[in-house]
Every structure is written in structure tokens, then in C-alpha cells.
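If you read the sequences in order, they're chains A and B.
Residues 1 to 270 (the numbering used here) are what the first sequence spells out, left to right.
Residues 1001 to 1303 (the numbering used here) are what the second sequence spells out, left to right.
Please note that the accuracy of each hint is not assured.
[What the hints assert, rightly or not] Calculated cross-link-like contacts (lysine to aspartate or glutamate; reagent style EDC-like; alpha-carbon spacing at most 20 angstroms):
#1 B:K1028 x B:E1011
#2 A:K259 x A:E197
#3 B:K1039 x A:E127
#4 B:K1039 x A:D217
#5 B:K1028 x B:D1134
#6 B:K1162 x B:E1198
#7 A:K153 x B:D1024
#8 A:K176 x A:E197
#9 A:K71 x A:D51
[Claimed, not checked] Here are the simulated distance ranges between beta carbons:
#10 A:E186 x B:G1045: 21 to 29 angstroms
#11 A:E127 x B:E1080: 25 to 33 angstroms
#12 A:R238 x B:M1107: 36 to 44 angstroms
#13 A:E127 x B:Q1254: 42 to 50 angstroms
#14 A:W146 x B:S1231: 51 to 59 angstroms
#15 B:P1016 x A:G237: 48 to 56 angstroms
#16 A:E100 x B:S1015: 27 to 35 angstroms
#17 B:V1106 x A:T81: 51 to 59 angstroms
Calculated from the structure, these hints are not laboratory results.
We treat Cβ as the ideally placed atom computed from N, Cα and C, and that holds for glycine.
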Amino acid sequence: MKRELPSDLLLGAKLRLLRMHFESGVGHIGGNLSSFDILMCLYHQMLGRDDAFVLSKGHAAGALYVTLWSKGVLTDDDLATFHRDETRLSGHPPCNGIPEVLFATGSLGHGPSLASGLALAKQLRGEPGRVFCLTSDGEWNEGSCWEALIFAKHHGLSNLTLIVDLNGLQGFGTTKEVANLDSLAEKFRNFGWQVQEVDGHDVAALSAALTSSADSDYPQAIVARTTKGNGVSFMEGRMDSHYLPMDRARYDQAVREIKLAGVPTRDDGE
Amino acid sequence: MRAQFCALMVEAAASPDFVFLTGDLGFKALEPVRDALGKRFINVGVAEQNMVSLAAGLARSGMRPWAYSIAPFMYARPFEQIRNDICLHNLSVVMVGNGGGYGYGVMGATHHAIEDYGVMLTLPHMRVLIPAFDGDLRPMVHRLASTESPVYLRLGLSEEPKDLALPQYSAWRQLLSRGSEGRATILAVGPLAGGIVEAARTIPQDRRPSVWLLSELPFADVPQPLIDDLSMSGHLLVVEEHVEHGGVGGMVAQYLLTRGVGPRRFTHLPARGYPSGLYGSQKFHRRESGLDPSSVLGIACQI
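Taking the hints into account, I'd like the entire structure generated from these sequences.
This is how it looks when you write it as C-alpha cells:
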């Protein structure tokens, strides 16, 4: 059930994400920008009442909060509390306070199993809907991810779609330097999954991949090639965008660049 | 105790939300459960982390998952999944650990669970049930059918004392009354209570210690009759197949001290690990830790 994701909505939300990170003085912006198009596609085009979503890469909480803001679930007042005392919006998704957040995540390697449990419950009860889970790429260092991969295939969880935000950077190096899993897509195929590889910043391609994943007899993986710090020249592909907040000059530059680039691929909806 | 457990799981299969997960354990035991549950019996394979998070996902969807493994693999390997995925969200998942304490005897240290409930009780919302006798399981399982929070169920081998009518199940039970000259109150946790009671009954009646049994943690209150008893006997011994740190001994001592009703003498007899570095049966390991009936009663009766 594909719905429209207007480019001005996407652009506006991306600018709101930058502003939230700037105002709160919080890092993790790089991994939020790499995930942002995926989250916006999911929430605006895919997720319906019967569906569920688990953000396994909990460090992209900022992108999730702003996506929920763009859906009207969170308000500007909510976003203003991000990372501050007495906030519901902790640096990683909280266990209470936001009904749309099913699980507190942030320790990597939990999401694929949690999503499998949600998908299994739907199967056992014969309920409709699909479960989506977004992981990082470094996260696949965690053995528990592979436990879930084996389980979901073996038990035919065809109502499950895993999405990997393949930005190539992890905590203390590139994914190739730290623990090279290239190619993740090939490994998933070897585990019996159906895999699509897409440009994770091409909204139309993402949308098509997500839509077609919903019609399969197999659990589905979408490996989305992304850029950490996408759209901001001084962040793109840089480790420090994982950790460091922006100063005023950097923030102004980021806003200019995001506005100038607009949205790479216009999705007119169908 | 596992046979009774399986029979109760077969009965529980009638509830459509009941799901049973096992981490590839239960050969020659869980087959009737598998047959009764059909697709709601899931062998997740040797993957305890996945099993616990799956259970969280099932519970979040409104189902009632029970996850089963041997005790050490149930609480230690997937600890973070228990903490983050189940307990932070207060989900109703029952985690069943078979062979608590030194239950797996000569299988060795990796198969023992002598710090399980202490570790589990550090987590929010967690409750621990420790049946001592086969008959304890039915009332426990019956209650768990409607529990709304995480539970760790520590199974062991029932050691029912011969020729003794056990009191009806409750969290605290007095198994043996203290003799008029008895100078100790024994509080035991888990199946080892059976052997202690049986041995205590061979002591002349007037010199017997009282024996109490605790089966549910954490506890809100120590019953007044137990407090009265230990104030008369003057000596409380807490005996448990669990290490000192995080054990019931510390919990009870804290409770009594906080309320100013501590006995004159307090002895904690916990599991002491592997003092000789050698391995053997569950009874061997209890002896090594001084948890066998004669060691316990030797202290209780100052023999």
C-alpha cells in the first residue's frame, strides 16, 4: 500500500533533524542522516495499522523521533526536549512513553530477534501485517543477528523485512577495516533470504524495494547502500559525524547544503 | 520435577496464547509438550539470545511465551536480552531453568546455576519461583497463567521427606516445628529442604530445630510466626544452593536488621563454588559447600 512521500515533506523533516541535533548539541547525526530516508519511506509509505517496526540501530533515535514528528506523533515541544532532563526522547529509543516505540533499543543485535518474535506472533495467530526492522551494518558483528537470520528463514517468517543501513562506518573504523562482512547481501542469500540491494537515499528505489518485499514467501532483506552524514559535505563518510555535535557555522553550512541538494530523487507517488 | 512440569505444560496447551520455546533441550522429556502444542512449540535451536528476544516479541504481541533451557543457559547467556527486551518492558515471559544450583552435578561448572536468582533479582519486575517439591508446581503454574510480569522458574529434583505430610503450598512454609529445647531456626530455599527436614526428624523431638521453606522471591514480608520462632530460638540459619552474594541470606538479614528483629545469632550457608576443585554429583557439591543435612544440622544443633 504505497502512499506518497512529497519531497518538500522529506526536505523539511531533514532540516528539522539538523535543527534538533544542533539545538540539543548532540552527535550521532551521521548515522541519523544515513537512516533518515529509509525511516521516512517506511513511516510515510509502508507502515499501516497492522504493521510493526523495530529500530534495531537505536543510535538513529533522532531520525526516528523526527520521522514520528513528521507523522504528527511527536510535537515540536517534544523535540525540544531531546537529550535534556525530563525528556521522553532519550538518546536511544525509550522503553516507556512513546507507544509507537515497541522496544527500547540501543544495544545492537536485538532488533532482528525482536522483530522475528513480532512476526512469529502474527503467523501463529493468522494476523495480517508485516514487521520491518532497521539494522546498521556494523551491527552484523553481533552473533545474535545471525541467530535471528537462521531462525526467521527456518520458520518461514515471510512477513518480516530486515533493512540494513549500509553506511560502511562503525564505532571505531570502517566496516571493512574492523570486521569485513562484505558482501552482506551475499551472506544473507547464503542463509536462504531473498535480498534486494538499493540506493538508500533514492526514495523511489527504496519505496519500490519495500513494497515488493511485502509480497513474498520468504523473509526479505533490503541492503540499502547509504552515506553516513548524507547530504552534508563535512559529514559524509566521516567517523566524527557519528559522535560530534555541530557548531553554529557547521549547522548553517549543513542547512545550506541540504537545501541546495533538495531531495535526490523525486518520488511522485503512484 | 520435570515430568510434573511437562504434564502441566500439556494442560496449559489449551490456552491459545500459550507458546513454548526451548533452546534445543528437553530430549526424552518435552516430547508430549511438543505434541500437545503443535506449531506453538518451537525449538529455536542452540540460540538463547534469539530465544529470549523472540519471547519478548511474542509477549509484546499479547501471547504468553515460556522459554525453557537448563538453568545456566537460561539466565547467563541471554542476560542482556532478559534485561533490555523483557524486564525493561515488564513483559510476561516465564523463563524456565531446569537443574538450578548444582543440579547438573558431575556435568561440571558450566552446567551449574549457583548465582541465577541473585542475578535475575537485580532486574526490574523480575520474580523468582523455586519449587522444592513436585506438588509445588501445580499451584505455581496455575498462577503463572495470568502473570503480568517476568518470572524465572528454577526447577530441580524434588526431595520429599518420607512419611511427612507437607503443608499446602505457599511462599513461606513451616515444614518442622522446633522442639522446646531447640536452639535454631532453619530457613531453607529449594529442594535441599527435604533432606534437612528428614534428617532433623531423627533428632530427639525436644531438641529439634524448626525448618522453614521459602519458595518465592523477592519477598515483601517475613511472616510473623517465623520472626517469633527465631526470636525464641536465637539462631537463624539460612541454607541455599546459591552463592552468598545476591542470596536469600542477605535479603533476610537485611529485612530483619531493618526492622530491628534480628536474632542473636545468624548463620548463612550458601553454595561455596568448588572448594576442592573436584566435581561430582549434586550431593557431592552440597557436601563440599556444607549444605548437606548433617553439616547443616551439626551447626543448628551444635553437635
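Verification of the supplied hints:
The hinted pair formed by B:K1028 and B:E1011 meets the criterion: a straight-line CA distance of about 18 angstroms does not exceed 20 angstroms. With a C-alpha separation of about 27 angstroms, the suggested pairing of A:K259 with A:E197 is violated against the 20 angstroms cut-off. For the given pair, B:K1039 sits about 15 angstroms from A:E127 by alpha-carbon distance, which is consistent with the 20 angstroms threshold. A distance of roughly 18 angstroms separates the Cα atoms of B:K1039 and A:D217; the hinted pair therefore holds under the 20 angstroms criterion.
For the hint pairing B:K1028 with B:D1134, the CA-to-CA distance comes to about 19 angstroms; that is within 20 angstroms, so the pair holds. For the given pair, B:K1162 sits about 7 angstroms from B:E1198 by alpha-carbon distance, which is consistent with the 20 angstroms threshold. With a C-alpha separation of about 17 angstroms, the suggested pair A:K153 and B:D1024 falls inside the 20 angstroms cut-off, and the hint holds. The straight-line distance between the Cα atoms of A:K176 and A:E197 is roughly 18 angstroms, inside the 20 angstroms bound, and the hint therefore holds.
For a cut-off of 20 angstroms, the pair hint linking A:K71 to A:D51 stands: about 15 angstroms separates their Cα positions. Taking 21 to 29 angstroms as the suggested C-beta distance range, the pair A:E186 and B:G1045 conforms, at roughly 23 angstroms. Checking the proposed 25 to 33 angstroms range against A:E127 and B:E1080 shows it holds: the Cβ atoms sit about 29 angstroms from each other. Checked against the given bound of 36 to 44 angstroms, the beta carbons of A:R238 and B:M1107, roughly 51 angstroms apart, lie outside it.
Between A:E127 and B:Q1254 the C-beta distance comes to about 47 angstroms, which sits within the given range of 42 to 50 angstroms. One distance hint, 51 to 59 angstroms for the beta-carbon pair A:W146 and B:S1231, holds here, with the actual separation near 57 angstroms. In this structure the supplied range 48 to 56 angstroms holds for B:P1016 paired with A:G237, their Cβ-Cβ distance being about 51 angstroms. Look at A:E100 against B:S1015: about 29 angstroms separates their beta carbons, and that is inside 27 to 35 angstroms.
The given range of 51 to 59 angstroms is respected by B:V1106 and A:T81, whose C-beta atoms sit roughly 57 angstroms from each other.
Hint compliance for this structure: hints 2, 12 are broken, all remaining hints hold.
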